[in-house]
Amino acid sequence: MVAAAVVEQCCVPGGVLGSTNTEEFDFFFFVLQWPGSYCDTKNHCCYPKSGKPAADFGIHGLWPNYNDGSYPSNCNPDNSFDKSEISDLLSSLEKGWPTLACPSGDGVKFWTHEWEKHGTCSESQLDLHDYFETALKLKNQANLLQTLKDAGIKPDDEFYDMESIKDAIKGGIGYEVGIECNHDASGNSQLYQVFICVDKSGTEFVECTTMPRGRCASKVQFPSF
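Numbering-wise (the working numbering), the sequence shown opens with residue 1146 and increments by one.
The set of hints was computed from the structure by calculation and includes no laboratory data.
Even glycine gets a Cβ: it sits at the ideal position worked out from N, Cα and C.
Treat each hint with caution, since some may be false.
Unchecked claim - Below, a list of computed lysine to aspartate or glutamate pairs in the EDC-like style, where the Cα atoms sit at most 20 Å apart:
#1 Lys1345 with Asp1295
#2 Lys1197 with Glu1268
#3 Lys1240 with Asp1302
#4 Lys1345 with Asp1251
#5 Lys1364 with Asp1306
#6 Lys1311 with Asp1275
#7 Lys1194 with Asp1275
#8 Lys1254 with Glu1239
#9 Lys1364 with Asp1301
#10 Lys1345 with Asp1233
#11 Lys1345 with Glu1239
#12 Lys1345 with Asp1272
#13 Lys1315 with Asp1344
#14 Lys1311 with Asp1227
#15 Lys1364 with Glu1352
#16 Lys1228 with Asp1201
#17 Lys1197 with Asp1306
#18 Lys1294 with Asp1272
#19 Lys1299 with Asp1213
#20 Lys1240 with Glu1308
#21 Lys1294 with Glu1278
#22 Lys1228 with Glu1239
#23 Lys1194 with Asp1223
#24 Lys1311 with Asp1272
#25 Lys1240 with Glu1268
#26 Lys1294 with Glu1268
#27 Lys1282 with Asp1233
#28 Lys1194 with Asp1213
#29 Lys1254 with Asp1227
#30 Lys1315 with Asp1272
#31 Lys1299 with Glu1278
#32 Lys1194 with Glu1169
#33 Lys1364 with Asp1295
#34 Lys1315 with Asp1295
#35 Lys1364 with Glu1321
As the list claims (entries may be wrong) - Restraint-style ranges between C-beta atoms, simulated for each label pair:
#36 His1274 with Asp1344: 14 to 22 Å
#37 Asp1302 with Gly1196: 38 to 46 Å
#38 Gln1286 with Asp1233: 26 to 34 Å
#39 Glu1268 with Ala1362: 35 to 43 Å
#40 Asp1251 with Lys1282: 33 to 41 Å
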């Protein structure tokens, strides 16, 4: 995926765009991305103005989805992103939801895109503040990096069985997840994004009814960052 400022990892792989004017949806995809894989491509990355992010999975987005694999988008153009409404969350967002797009930014462009494209489609459940706060809580709840480390899977540039990665995450959160891989300049398949399904309230992990097509090899690299 292109590391551009506005289209920064925007879509469900293989997903189909649904209606643009509905707030009804079936579940959320909560998407976490590994920064080492985002940066280890020909597009490279730029660290945010706050500095290099922690070597941890960062939030990509919280995306309303339909059970058939399609998703709503840009549901309310009148409800624009307002930084002042999440002033109490900014420090946590810089750490947990950092931008890696070039040129370096403060995250606002990324968060604006995610809210206006995806967040506005969750307004029946979450307002702007709730949307970002919910994503931060889900990140802590998933505790993805520690779950993998507990299973002996570490970001050390080594290759790991994809099934072992999936089993480790399922053991940690209780449900199957979708995994998307990218490829570095040498063509290595890398662990890139993890799609966790969440109920409409944004509080509970649930079983996925559809999965992204992740294009992963049977063994994938977990690059350092």
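Per the hint of 35 to 43 Å, is the separation of the Cβ atoms of glutamate 1268 and alanine 1362 within bounds? 39 Å, holds
Between the alpha carbons of lysine 1315 and aspartate 1295, is the straight-line distance 20 Å or under? Holds, at roughly 13 Å.
Are the Cα atoms of lysine 1197 and glutamate 1268 separated by 20 Å or less? Roughly 32 Å separates the two Cα atoms, so the pair is violated.
Can you confirm whether the C-alpha distance between lysine 1194 and aspartate 1213 stays at or below 20 Å? Given pair lysine 1194, aspartate 1213 is violated - Cα atoms ~39 Å apart, limit 20 Å.
Just to be careful, I want the Cα atoms of lysine 1311 and aspartate 1275 compared with a cutoff of 20 Å; is the pair within it? Measuring from Cα to Cα gives roughly 29 Å; hence the hint is violated.
Take a quick look at whether lysine 1194 and glutamate 1169 sit within 20 Å of each other, Cα to Cα. 36 Å, violated
When you check the alpha-carbon spacing of lysine 1282 and aspartate 1233, does it fall within 20 Å? Between lysine 1282 and aspartate 1233 the Cα gap is close to 14 Å, so the pair holds against 20 Å.
Are the Cα atoms of lysine 1294 and glutamate 1268 separated by 20 Å or less? 36 Å, violated
CA of lysine 1299 to CA of aspartate 1213, is that 20 Å or under? Not OK: lysine 1299 and aspartate 1213 at ~34 Å, beyond 20 Å, violated.
Could you grab the alpha-carbon distance between lysine 1345 and aspartate 1251 and see if it respects the 20 Å cut-off? 29 Å, violated
Is the Cα-Cα distance between lysine 1228 and aspartate 1201 20 Å or less? 24 Å, violated
Distance restraint between lysine 1345 and glutamate 1239, which requires alpha-carbon spacing of 20 Å or less: 25 Å, violated
Consistency note: the structure conflicts with the earlier hints numbered 1, 2, 3, 4, 6, 7, 10, 11, 14, 15, 16, 17, 18, 19, 20, 21, 23, 24, 25, 26, 28, 30, 31, 32, 37, 38, 40.
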